[in-house]
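Asks: The chain contents come next:
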Amino acid sequence: MTPLLRALGVGKRFGGLAALSEVRFDIPEGSIYGLIGPNGAGKTTLFNLLTGIYTPDEGHFEFGGAPLPGKPHDVCARGIARTFQNIRLFGSMTALENVMVGRHVRTRAGLFGAIFHPAGERDEEAAIRARALELLDFVGIAHRADQVSRQLSYGDQRRLEIARALATEPRLLALDEPAAGMNATETATLGTLLQKIRATGVTVLLIEHDVKLVMGMCDRVAVLEYGRLIAEGPPEQVQRDPRVIEAYLGAETTA
Amino acid sequence: MDIFLQQVINGLVQGSIYALVALGYTMVYGIIELVNFAHGEVVMVGALVSLSVIERLAARGYSGWTVIVIGLLLAVPACIALGLGIERVAYRPLRKAPRLAPLISAIGVSIALQQLAALIWGRNYLHYPDILPKTQYAIGGAVISEVQVVILIAAAVLMAGLWILVQRTRLGRAMRASAQNPAVAGLMGVDVNRIIATTFAVGSGLAAVAGALVGAYYNVGNHTMGFLLGLKAFTAAVLGGIGSLGGAMLGGLLLGVIENLGAGYMGKLTDGAVGSNYSDVFAFLMLVLVLVLRPSGLLGERGIEKV
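These protein sequences, in sequence, are chains A and B.
Each step along the first sequence adds one to the number in my numbering, with nothing skipped, and position 116 is 116.
Each step along the second sequence adds one to the number in my numbering, with nothing skipped, and position 256 is 256.
Extracted from the complex, chain B is given alone in its bound form:
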């Protein structure tokens, strides 16, 4: 088996999930310069809501991708509502406060959501029912599963859609204008508060999809799953250049690949002293390196297709 190719495939799959989450961080940062630390928890809620739906359908004997899609049909609106609620309650009242205030507020929301999820779904790891096909395809010495193919396609479609939304529509233009200069955008007739809310809605919708996909991929979820995933996705956003859409996509994919290559070769390189369970180290090693060598991120030139 071709380990290199296999790790690249696994990395791209994991990376496209990071990218979907990273887009939420980067869009919000681009427009209000806030690191929305509660974003990982939105992903978690998306995963657990879809899990609840999927469990109930699976118990009635349904299976296959339709079940996941039905789970998404509930998880996406739930997360959009959650994202809008967080923005309205925790961030908007602090719009003119010192920058530390909304950051603390974000951490508070994050803890509150984790505890709320623990009350609803319990503190144990929840396992996804076995409903998805286990088909695998061989490509050049490596294998790719049907689940992985679906994740790659879904992420690619969503990212292309977001790109078109931002670059080619009236709403996207207003988002870019508000990101560049909210005061002037307001004077030109753009309701900036509304644009900010829409940005949260779009980011939260992507987070819901990412949550459902990540649950289906690893077959497991619980109330703390958003923390590490959120942190990794944030790392990806910084890696690509926070505020840049293309940067979030590139950073996510790159982080996934680096992490998986690291995990794949770590044992061999250190002669078994350090195993693949150290793969998380790579994510944060990357973050430190980027912050030292290129603080603005890979694509983080000022003003680049910022949202």
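Isolated chain A, as found in the complex:
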């Protein structure tokens, strides 16, 4: 199968420090792909490069067979959406409105339509609202639709971020530590949700600290250490890789 996303020798330096260098991997379409590594290994930097916040100093990404454009909103329009390690919702907007913002990129109404407000614009607004409600229901927080997002519980905020990202109709959903701060039950529900998302045809890229979650759920895993890719493959294989055990898993079992 052709890969949906390819990292082709991607690298990024900050001053003299190489945050990432020579990163290469292919993410097959329809998979759940894990990206793990110790703190500071460059996982979030990779996400920021992928979504257009930073520009790579070397190499590039190919998405659906073509190089990725530069600006974040263009990347989003191409079909990559993300969530954040530390939740970044539009705090004073309601849950529903947050998801409706995600529909922006797939809808058209502008100033002209808004001022003269012909029927077409009203229909579009109704469609945006209906789809946003569906997505809130999909992630299981439809009953929170009209609540201001910063008042939601932590777990609900995480789900809301996923719903907002799904609203942009991504082909690739990139999740930055979605289980961070969750208890065991919440993490298990998250796992079910990710399977549900994959079942709709969306490819999932998962950065995660929780090795068990990654190994249990991902089809393939890439391991970063000090900005370099040290292993890549199916979880069983990566788990046995001596470099991975030394760099990451080993450190955790001896701790």
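To be clear, the hints were calculated from the coordinates, so they are not data collected in a lab.
Note that the coordinates shown come from a computational prediction; the quantities given were computed from them, not determined experimentally.
Backbone N, C-alpha and C define an ideal beta-carbon position, used for all residues, glycine too.
A few of these clues could be false.
[Stated by the list, open to error] Pair by pair, the computed Cβ-Cβ distance ranges are: (1) A:Gln147 <-> B:Gly108: 42 to 50 Å; (2) A:Asp137 <-> B:Gln136: 29 to 37 Å; (3) B:Gly85 <-> A:Gln85: 35 to 43 Å; (4) B:Arg168 <-> A:Ile245: 50 to 58 Å; (5) B:Arg168 <-> A:Glu246: 55 to 63 Å; (6) B:Ala112 <-> A:Gln85: 19 to 27 Å; (7) B:Arg88 <-> A:Asp74: 15 to 23 Å; (8) A:Thr107 <-> B:Gly108: 48 to 56 Å; (9) B:Ala112 <-> A:His60: 51 to 59 Å; (10) B:Lys134 <-> A:Ala119: 36 to 44 Å; (11) A:Gln151 <-> B:Leu293: 46 to 54 Å; (12) A:Gln147 <-> B:Asn124: 43 to 51 Å.
Once you've looked at the hints, dock chain B against the given chain A.
Replies: Then chain B, alone, in the frame of chain A:
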């Protein structure tokens, strides 16, 4: 005559013009945290463009509100184009510069526009032709003129329209999202540069209407008229809580009323020592008081319907 009621009416009229201008300051501040000091000059251009149109039509014998509306049909697009141009040339290249840079740039644009207007329209005070009806209505011991009624209605309609635009439409949602977190809005597919440009366009359109109304109300305009008006409107925006739409509306109306009440009673209170010509003092006294007592403004809680 009921002086109190009369000053309140005059104040609300003047205040609704302040509010229209203050909305432009507050929307831009809300989204890029820049005090757009050139905004007063956009109002001035709106007033003078509409004046030019109105003069030509009046010379051909036309009169009445239709003439003002035709003036607006030219002034609004002119000001929108001007606002978009200012944003593109003077602010966008400085988006990532230290915050002082765009502020200086704004002051530069303001001076440049004043001088440009002086070249086009001259340095003298221009008087509006006498084309509007002079009808006055009596209400409870005070009078309100037809011009005042039209200003109040126009401002109310525009403010309601803006409120709906921001709270109920796709564009307004994108504006609010960009104001809260431009980086995240971009990642969710909102073209933030485009939203910022649209914000300037909307603010400049309101400024054009305010300019035309202020010209029709006071029957006078010149290339420096935007300075004091802009400063007052900015004061109104700070008074209401800069970044807050409701705050700009409330601050504008409040400032107009306070200023007019001050002007109306000043002579009496000081036994003629200080006259109504000191009314501008009130605006800035208010600004100082607000900044000392409530720096975030009346409605300036963080994050409130900010645009």
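Asks: For each hint, tell me whether it holds in the structure or not.
Replies: Here is what the structure says about each hint:
1. With their beta carbons about 46 Å apart, glutamine 147 (chain A) and glycine 108 (chain B) fall inside the hinted range of 42 to 50 Å.
2. One distance hint, 29 to 37 Å for the beta-carbon pair aspartate 137 (chain A) and glutamine 136 (chain B), is violated here, with the actual separation near 59 Å.
3. One distance hint, 35 to 43 Å for the beta-carbon pair glycine 85 (chain B) and glutamine 85 (chain A), holds here, with the actual separation near 40 Å.
4. Roughly 56 Å separates the CB atoms of arginine 168 (chain B) and isoleucine 245 (chain A), a value that falls within the hinted 50 to 58 Å.
5. Checking the proposed 55 to 63 Å range against arginine 168 (chain B) and glutamate 246 (chain A) shows it holds: the Cβ atoms sit about 57 Å from each other.
6. Judged by the Cβ atoms, the range 19 to 27 Å given for alanine 112 (chain B) and glutamine 85 (chain A) is violated: they are separated by roughly 45 Å.
7. In this structure the hint that arginine 88 (chain B) and aspartate 74 (chain A) lie 15 to 23 Å apart at CB holds, the actual value being about 19 Å.
8. Separated by about 38 Å at the C-beta atoms, threonine 107 (chain A) and glycine 108 (chain B) break the suggested range of 48 to 56 Å.
9. Checking the proposed 51 to 59 Å range against alanine 112 (chain B) and histidine 60 (chain A) shows it is violated: the Cβ atoms sit about 42 Å from each other.
10. At roughly 42 Å, the beta-carbon separation of lysine 134 (chain B) and alanine 119 (chain A) lies within the given 36 to 44 Å, and the hint holds.
11. Checking the proposed 46 to 54 Å range against glutamine 151 (chain A) and leucine 293 (chain B) shows it is violated: the Cβ atoms sit about 29 Å from each other.
12. One distance hint, 43 to 51 Å for the beta-carbon pair glutamine 147 (chain A) and asparagine 124 (chain B), is violated here, with the actual separation near 59 Å.
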